[in-house]
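**Student:** If you read the protein sequences in the order shown, they are chains A and D.
When we follow our numbering, the leftmost residue of the first sequence carries the number 1, and every step to the right adds one.
When we follow our numbering, the leftmost residue of the second sequence carries the number 1, and every step to the right adds one.
One thing to keep in mind: the hints can contain errors.
Identical copies carry no separate label here, and so any pair may be met within one copy or between two of them.
[To be verified] Taking lysine to any residue and the SDA-like style, the derived pairs with C-alpha atoms no more than 25 Å apart in a straight line are:
| id | residue 1 | residue 2 |
| --- | --- | --- |
| 1 | Lys392 | Asp312 |
| 2 | Lys2 | Asn337 |
| 3 | Lys413 | Arg59 |
| 4 | Lys2 | Met110 |
| 5 | Lys126 | Arg96 |
| 6 | Lys157 | Glu133 |
| 7 | Lys129 | Asn184 |
| 8 | Lys209 | Thr294 |
| 9 | Lys136 | Glu219 |
| 10 | Lys392 | Glu417 |
| 11 | Lys142 | Glu362 |
| 12 | Lys24 | Ser310 |
| 13 | Lys330 | Tyr221 |
| 14 | Lys317 | Asp238 |
| 15 | Lys2 | Arg325 |
| 16 | Lys186 | Asn342 |
| 17 | Lys393 | Glu417 |
| 18 | Lys186 | Ser310 |
| 19 | Lys295 | Gly39 |
| 20 | Lys392 | Met110 |
Because the hints were derived from the structure by calculation, they are not lab data.
Number of protein chains: 2
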Amino acid sequence: MKAQDVIILGAGIIGMSSAYYLQKNNPGKKILVVDREPGAGQGNTAKAAAMFRNTFSSRTSQVLSDTSINFYSHLQNEVNYDIHLKKTGYLWLLGRRQFREYSSIIRRMMEREIEIRILKKDELNKIPKLNLELNKNHEETKYLGLENIHKGLLGSKCGELDQSELVRFYREEFEKLGGETLFNTKIHRLIITPKNEFGGPPFVWQNPKITGVTTNNGEIYGNRIVLATGAYTHELLDPIGIDNHSKPKKRQLFQLECSDLEELLFVKNFNEHGILPFTILPKSEVYIKPDETTKRFWTGCADDLGRPFSLDVTPEKSFYEFNIRPIITKYFPQFENARIANKLAGLYACNTIDGNPYVFEEYGLIVISGCSGSGIMKADAIGRIVDALYRKKEEAELYGSVMFRVSDISTEKRNVENEEFVI
Amino acid sequence: MKAQDVIILGAGIIGMSSAYYLQKNNPGKKILVVDREPGAGQGNTAKAAAMFRNTFSSRTSQVLSDTSINFYSHLQNEVNYDIHLKKTGYLWLLGRRQFREYSSIIRRMMEREIEIRILKKDELNKIPKLNLELNKNHEETKYLGLENIHKGLLGSKCGELDQSELVRFYREEFEKLGGETLFNTKIHRLIITPKNEFGGPPFVWQNPKITGVTTNNGEIYGNRIVLATGAYTHELLDPIGIDNHSKPKKRQLFQLECSDLEELLFVKNFNEHGILPFTILPKSEVYIKPDETTKRFWTGCADDLGRPFSLDVTPEKSFYEFNIRPIITKYFPQFENARIANKLAGLYACNTIDGNPYVFEEYGLIVISGCSGSGIMKADAIGRIVDALYRKKEEAELYGSVMFRVSDISTEKRNVENEEFVI
């Protein structure tokens, strides 16, 4: 195979967005996307809840998501490329203590004109059967440590899209421009080549750089390599001693079915679609996500302490039963009889120190890391930043002519605020 | 065993300094240090070059090292506790390009009154046989990419100490205050206990915290746990899903013997001890460290790309032969006939994003991370910061009444400059 100008490893949403902007802004360059799956977006991208929000406390996460959402809306409404985007909203149900803790963040978001609104109890009461007041004498409520719901916080420039359609868009456009893909190709390791050849392993004085990959389909060489392998990134980087500042953790999604749920699904008042927003409960970040098509709900929650960093992706029914169910049914009794209709587990590439993604270059390798949890909602911006870094531009032009300093999310000259509003 | 107030995991220099300040400032508290080695400071602490410097570009690294050096000097000169501290200096030999690259950092260090001085060629010429000008026509010099030496940079508040004596000081003082140690005890895993007991694994709603460790000598419980396990930290944290923001990498030291070396060892002009400073060459951070007692030199170098993250600690003779030797002998021909008299390999806990250490608390666990490379030279300050964090103080009082904001080296409210002056 002839040497590529750019090899992009990983055909998830981040890899495909990067591929598109690289090919678009570097016409004539030979760009190849490699992935072990048979198609694009079939790894952890496919296992994401595919929600989007622009409600972040840090400017960086806010601008990355906001401009990406604007681009996705443009696709949906102006280009008429149907990615099933619906601004159904995010609704945080907050306890009194929580509301107090978040108050300065909420104020800051309002000052920055992020589209959020505080909801009082009378508005929340329109949600069928929602228990704003829990029975404090109930033994289970006590040991679960559940709070009454004090306020709601509604983000209206938030919602859902179909990530497979969004990936398809980037792939089609990339291929129209001459970009190539190589699927069913497992990457084994990165190839390091000394600048000044001498034979043997690269020595410290050889100024080595990363020039290719070995795969089950042979070696592939390229001038620059882009690593968009998400939660698997450390598998390629640990053996050559580069830190990607992120570790993989299982995150599970459970689809719940119950005859009582339809009423909860179709709630007016919160958005033009007449669907309940993506709703986050006041405990352990348990959320419910309406699925209009199946008339079911997806649910999940954060499990930080005790969940190992690993590549295990086995969903556990017991995780729902013991962690999510006790909480969800206290606030929404209609889930009492719900059964798990579907379950899936994907990998988060989590734990960046400041909650923002990384895009940095070392030894000819551009690494994208720590996007999980908000990868889809920031993918358009990330792709443009990767292209800007490739072209050695100081600033990337995000959608809507918003300029973004590329080094702000690098490692060496990182300049971000801590993201404090994690759902 | 009765539950401890504090368990410190790891009796290296960082663990013992922390133990001392915790016991000193929390009299009456039951504090236990646990380590798998038969004594303190016998892990990677023992494998360090044990050099110290206060020449850093970031204020954080500068103040941590500077105050620690002041304390060590106080120990040596006023307390008369012999830790074999000698301010023999650090001498960077810089090529023209390097000197240009570092110029703004050097200027900043001078503005901050860090004790450095630029040396011209006539001063460097006093070093026996040092080649300031390399033979550019020499094939090997070319492919090694070696530069002529343009300037020297001498840090005078830099030098060496005996880490085993420093560890002994902290341990003796800790034990005098009633602190206890438990050696030959391998830690298997951290114990997570729910705040509200319910049986079974900790569930997300239980507000679990870390309350103990299982070891080959049984379970040990404590109110707070301090993790000072250096390069092994991820082995305890990965299984419970907490990121320590650092990965382990092998670093090697080679002791070189040669009859010609004595003249190089005892050089006047640079310090009151009449010994060559710790000297860093203009390529790949190759250094030589004089060993007055054995009349030998230690040498090592950074090998970033290609050196995997792993716990391997096998020293490789070939690493010296192919990586260090070609460079060292071009500048110092007297190493031409040197043979390896001793070699050792330790583990670096490297790659914090900004080059500064981490001290943070999660779920009752205080984690110290990413100290390697400058752990010994910052240990006194780190120990005081750990104690301040334990006592929930906003500021730690470092030696010489220097106040330091504890959260500055945390994860959540991190506030550090990137460290750009890595030797």
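**Student:** All hints, please: hold or fail.
**Tutor:** Here's how the hints hold up against the structure:
{"no.": "1", "hint": "Lys392 - Asp312", "in the structure": "neither (37 Å within a copy, 37 Å between copies)"}
{"no.": "2", "hint": "Lys2 - Asn337", "in the structure": "neither (59 Å within a copy, 46 Å between copies)"}
{"no.": "3", "hint": "Lys413 - Arg59", "in the structure": "both (16 Å within a copy, 16 Å between copies)"}
{"no.": "4", "hint": "Lys2 - Met110", "in the structure": "neither (53 Å within a copy, 52 Å between copies)"}
{"no.": "5", "hint": "Lys126 - Arg96", "in the structure": "within (20 Å within a copy, 72 Å between copies)"}
{"no.": "6", "hint": "Lys157 - Glu133", "in the structure": "neither (28 Å within a copy, 64 Å between copies)"}
{"no.": "7", "hint": "Lys129 - Asn184", "in the structure": "neither (48 Å within a copy, 59 Å between copies)"}
{"no.": "8", "hint": "Lys209 - Thr294", "in the structure": "neither (50 Å within a copy, 39 Å between copies)"}
{"no.": "9", "hint": "Lys136 - Glu219", "in the structure": "neither (64 Å within a copy, 36 Å between copies)"}
{"no.": "10", "hint": "Lys392 - Glu417", "in the structure": "both (24 Å within a copy, 24 Å between copies)"}
{"no.": "11", "hint": "Lys142 - Glu362", "in the structure": "between (51 Å within a copy, 24 Å between copies)"}
{"no.": "12", "hint": "Lys24 - Ser310", "in the structure": "neither (36 Å within a copy, 40 Å between copies)"}
{"no.": "13", "hint": "Lys330 - Tyr221", "in the structure": "neither (56 Å within a copy, 34 Å between copies)"}
{"no.": "14", "hint": "Lys317 - Asp238", "in the structure": "between (32 Å within a copy, 23 Å between copies)"}
{"no.": "15", "hint": "Lys2 - Arg325", "in the structure": "neither (54 Å within a copy, 37 Å between copies)"}
{"no.": "16", "hint": "Lys186 - Asn342", "in the structure": "neither (28 Å within a copy, 43 Å between copies)"}
{"no.": "17", "hint": "Lys393 - Glu417", "in the structure": "both (22 Å within a copy, 24 Å between copies)"}
{"no.": "18", "hint": "Lys186 - Ser310", "in the structure": "both (19 Å within a copy, 23 Å between copies)"}
{"no.": "19", "hint": "Lys295 - Gly39", "in the structure": "neither (28 Å within a copy, 64 Å between copies)"}
{"no.": "20", "hint": "Lys392 - Met110", "in the structure": "neither (35 Å within a copy, 32 Å between copies)"}
When held up to the earlier numbered hints, the structure conflicts with 1, 2, 4, 6, 7, 8, 9, 12, 13, 15, 16, 19 and 20 and fits the remainder.
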